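Visitor: Below are the chains, spelled out letter by letter.
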Amino acid sequence: MFKIFWQAIRQLSGDDAYERYLRHHAQHHAGDGEPLNKKAFFKKWQDEKWQGVKRCC
Amino acid sequence: MNTLLKNTLWIMIAVLGASAVSGIALNRGEPINALWFITAALCIYALAYRFYAAWIAATVLMVDETRATPAERLENGSDFVPTNRWIVFGHHFAAIAGPGPLVGPTLAAQFGYLPGTLWLLFGAVLGGCVQDMVTLFLSTRRDAKSLGQMAKDELGALGGTAALIATFAIMIILIAVLGLVVVNAMKHSPWATFTVSATIPIAMIVGIYMRYIRVGQVLEASALGVVLLLLAVAGGRVVDESVTLRVLFDHEGLTLAWWVMAYGFAAAILPVWLLLAPRDYLSTYMKLGTITLLAVAIILLQPDVKMPAITQFIDGTGPIFGGKLFPFVFITIACGAISGFHALISSGTTPKLLSNERDIRMIGYGGMLLESFVAVMAMIAATVLDPGVFFAINSSAGVVGKEAVDAVAKISSWGYPVTVEQMQLLAQQMGEATLFARTGGAPSLAVGMASIFGSAFGQGMLALWYHFAIMFEAIFILTTLDAGTRVGRFMLQDILGNKWAAMGQTSWLPSVIFTSAVVVSAWGYFLYIGVIDPNGGVNILWPLFGIANQMLAAIALCVATGILVKSNKAKYAFVAGTPLLWLIIITSTAAWQKLSSDDVRIGFLAAANDLSTKLASGVLPPEKAAIAPKLIFNFQLDAVITVFFVSLLWLIVFDMLRVCTRYLMGKSVPALTETAHIPSRLVEDWVRD
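Sequence lines, in order, name chains A and B. Counting from 1, position 14 in the first sequence corresponds to residue 14 in this note's numbering; the numbering is continuous, with no gaps. Counting from 1, position 145 in the second sequence corresponds to residue 145 in this note's numbering; the numbering is continuous, with no gaps.
Source of the hints: derived by calculation from the structure; they are not laboratory data. Keep in mind that the hints are not guaranteed to be accurate.
List time: in silico EDC-like cross-link candidates among lysine to aspartate or glutamate, alpha-carbon distance up to 20 Å [what the hints assert, rightly or not]:
(1) K44(A) with E421(B)
(2) K49(A) with D79(B)
(3) K410(B) with D494(B)
(4) K43(A) with E220(B)
(5) K43(A) with D386(B)
(6) K39(A) with D79(B)
(7) K38(A) with E220(B)
(8) K402(B) with D598(B)
(9) K49(A) with D15(A)
(10) K38(A) with D79(B)
(11) K43(A) with D15(A)
(12) K49(A) with D386(B)
(13) K6(B) with E30(B)
(14) K44(A) with D79(B)
(15) K38(A) with E48(A)
(16) K49(A) with D16(A)
(17) K624(B) with E403(B)
(18) K39(A) with D494(B)
(19) K402(B) with E623(B)
(20) K410(B) with E421(B)
(21) K324(B) with E75(B)
(22) K3(A) with D153(B)
(23) K3(A) with E34(A)
(24) K410(B) with D386(B)
(25) K44(A) with D15(A)
(26) K49(A) with D32(A)
(27) K38(A) with E19(A)
(28) K49(A) with E252(B)
(29) K49(A) with E674(B)
(30) K49(A) with D143(B)
(31) K569(B) with E674(B)
(32) K667(B) with D79(B)
(33) K3(A) with D15(A)
Some chain A residues close to chain B (C-beta under 7 Å, calculated; not the full set) [claimed, not checked]:
(34) W6
(35) Y21
(36) K38
(37) E48
(38) K54
In this text, all values refer to a predicted model and were calculated from it rather than measured experimentally. The C-beta atom is built at its ideal place from N, Cα and C for all residues, glycine as well.
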């Protein structure tokens with residue numbers, strides 16, 4: 001129960017974004033070269049997240 | 001559970017809801033417990049979600065759980081990601097719920113608790129939730145396209161352009177009015193000013209921490225930030241009590257307004273990781289945490305609502321903003337009942353995460369129900385105050401007089417007794433110099449929240465709770481301000497990029513500086529006028545914002561109605577068409593009154609003429625005469641903006657009607673752009689990661 005809650009918090013905040021990216025990469029792009037390192041991924045992820053309307057009144 | 005048991009349960013919920021609603025509606029003259037509001041809200045939400053929303057999803061939209069969503073089809077690991085529905089719900093709610101549902105109900109409480117509460121409940125279940133859910137559905141069926149793009153594809157170029165302009169305009173007015181709310185909360189309050197200013201370096205520390213020190217450790221960094229924020233609230237008291245430090249943070253409204261503009265400009269230019277992203281984390285935690293705390297406190301404490309059900313101000317003479325109950329309660333409470341801005345999140349952003357169409361009801365309809373509930377709690381927090389105190393905090397000096405003695409005499413003469421001593425004691429308890437004429441809604445909400453928290457969790461810390469509430473409001477108002485300025489900048493760069501390609505490059509520094517400066521000057525102008533206006537600019541700016549937001553909602557509902565008709569579902573078009581009709585009526589009436597009313601507190605032109613006459617005849621005192629020309633120009637400008645908004649609204653309504661009529665007559669219309677049915681490959685109980 002606590003584990004599920006903690007997982008949800010991590011996912012909502014983006015704390016586990018890199019782990020999910022690595023999993024996605026391994027599943028779908030295993031042949032397309034090495035995945036980004038954590039720093040490069042985090043930079044890309046953060047920049048993409050803030051394109052467009054993200055917050056309301 | 002068998003059917004009989006289920007039916008009995010729903011009948012009981014219906015009976016309970018009906019008695020709670022009639023309880024709050026028919027109660028006169030004596031305090032009523034806040035639990036009635038919570039009960040009425042929860043029963044209505046449950047019924048609407050179970051029956052109306054389910055019917056819309058199944059019969060009108062025909063959501064199809066076997067159909068692959070854009071998140072599945074276009075999955076790319078970064079923005080298109082099929083996500084657990086609770087996580088999507090969390091993201092969606094955090095994105096749609098801002099300061100709007102807190103400020104609107106607080107201002108509308110001048111009519112009494114009843115009109116605002118009823119509009120929050122019924123407006124949400126019949127209007128706002130439907131808009132959010134239908135828009136989410138339509139965008140999901142169109143590769144997560146934005147509202148503007150859908151308007152363009154489905155109605156024509158006119159609709160698309162109108163949506164784009166409306167979004168830009170609403171952003172400018174929204175930021176100005178929110179900036180004004182923060183300025184009024186910080187005015188001559190060293191404690192609040194220190195705490196709010198401290199959120200900026202704290203956000204930067206958090207940003208640097210997760211970018212360079214412990215890369216990507218979002219939760220660790222956020223926990224650090226939350227601790228620092230709480231320290232900043234406590235530290236404000238030290239600043240307030242220190243003779244040398246307090247002068248550094250004790251400022252006039254105008255000075256603070258310049259700082260807010262400088263801040264907005266800096267935030268639009270600085271990289272997102274340094275300020276915007278970390279501030280957003282902090283504000284999201286604060287928002288969710290404080291709202292939960294407020295709900296718990298209200299349920300534990302069960303405070304009595306002291307405001308009458310209906311006040312005499314429904315006749316249009318209200319001290320907070322001028323205008324009769326109809327249409328102004330529906331304009332003042334936009335977010336919480338129906339908010340056009342949500343259509344921008346429901347299209348484009350949320351569909352990219354949606355893993356299955358069957359979750360559309362929970363996320364679109366349910367997300368808005370929760371926002372409506374937040375607004376009901378804000379209404380409770382405003383109305384648990386003594387009405388005299390509520391009006392003393394929220395009435396501007398231009399209405400009740402500058403001197404405390406005059407203000408209390410005036411407010412007491414309305415039948416809401418309040419004394420100078422009472423206000424002084426309250427200000428002292430809250431750690432403020434004065435609470436008179438602290439317009440904008442934030443201070444009175446903070447006093448209401450502080451008294452609820454204080455009674456539930458310890459009376460001794462009232463001042464801390466008050467400044468915590470101010471910090472909580474300010475932090476996500478500033479997030480909206482940052483994010484809005486940046487979005488405005490991107491939109492402007494996009495528009496200019498059509499004429500001059502270099503301007504369209506979002507990273508070209510001259511373009512960044514130029515467009516940011518244009519956007520900041522646009523909202524900065526309205527903020528400036530709002531601060532120098534002796535009647536408190538909220539009276540002007542909030543209705544303008546309400547009209548703009550409802551207009552955007554009307555555009556979203558036009559797109560929805562048009563698509564329903566084009567999908568051969570004309571007999572169900574009323575689902576979107578009825579709230580649309582209501583929005584057209586209220587925005588057009590409000591706009592008409594704002595233009596033509598003879599009352600100087602309602603009509604922009606009447607106010608401009610009145611001030612011109614007074615200026616010409618020399619009856620104004622010198623300090624008022626000095627700013628009069630600016631105010632006159634502003635009133636005229638506001639009139640032009642109102643005409644512009646309402647013309648835009650009618651233009652798109654006629655465009656939608658034109659498309660619908662042509663379709664029904666069998667003539668050619670823009671084709672439906674729904675993507676083809678591709679079966680979902682995600683199994684029934686797919687991995688919940």
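Visitor: Does each hint hold? Answer for all of them.
Guide: Okay, the hints, checked on the actual structure:
| no. | hint | result |
| --- | --- | --- |
| 1 | K44(A) with E421(B) | violated, 57 Å |
| 2 | K49(A) with D79(B) | holds, 8 Å |
| 3 | K410(B) with D494(B) | violated, 51 Å |
| 4 | K43(A) with E220(B) | holds, 17 Å |
| 5 | K43(A) with D386(B) | violated, 50 Å |
| 6 | K39(A) with D79(B) | holds, 18 Å |
| 7 | K38(A) with E220(B) | holds, 16 Å |
| 8 | K402(B) with D598(B) | violated, 25 Å |
| 9 | K49(A) with D15(A) | holds, 14 Å |
| 10 | K38(A) with D79(B) | holds, 17 Å |
| 11 | K43(A) with D15(A) | holds, 13 Å |
| 12 | K49(A) with D386(B) | violated, 44 Å |
| 13 | K6(B) with E30(B) | violated, 36 Å |
| 14 | K44(A) with D79(B) | holds, 11 Å |
| 15 | K38(A) with E48(A) | holds, 15 Å |
| 16 | K49(A) with D16(A) | holds, 15 Å |
| 17 | K624(B) with E403(B) | holds, 17 Å |
| 18 | K39(A) with D494(B) | violated, 30 Å |
| 19 | K402(B) with E623(B) | holds, 15 Å |
| 20 | K410(B) with E421(B) | holds, 15 Å |
| 21 | K324(B) with E75(B) | violated, 51 Å |
| 22 | K3(A) with D153(B) | violated, 45 Å |
| 23 | K3(A) with E34(A) | violated, 31 Å |
| 24 | K410(B) with D386(B) | holds, 15 Å |
| 25 | K44(A) with D15(A) | holds, 15 Å |
| 26 | K49(A) with D32(A) | violated, 24 Å |
| 27 | K38(A) with E19(A) | holds, 9 Å |
| 28 | K49(A) with E252(B) | violated, 37 Å |
| 29 | K49(A) with E674(B) | violated, 26 Å |
| 30 | K49(A) with D143(B) | holds, 18 Å |
| 31 | K569(B) with E674(B) | holds, 15 Å |
| 32 | K667(B) with D79(B) | violated, 39 Å |
| 33 | K3(A) with D15(A) | holds, 15 Å |
| 34 | W6 | violated, 9 Å |
| 35 | Y21 | holds, 6 Å |
| 36 | K38 | holds, 5 Å |
| 37 | E48 | holds, 6 Å |
| 38 | K54 | holds, 6 Å |
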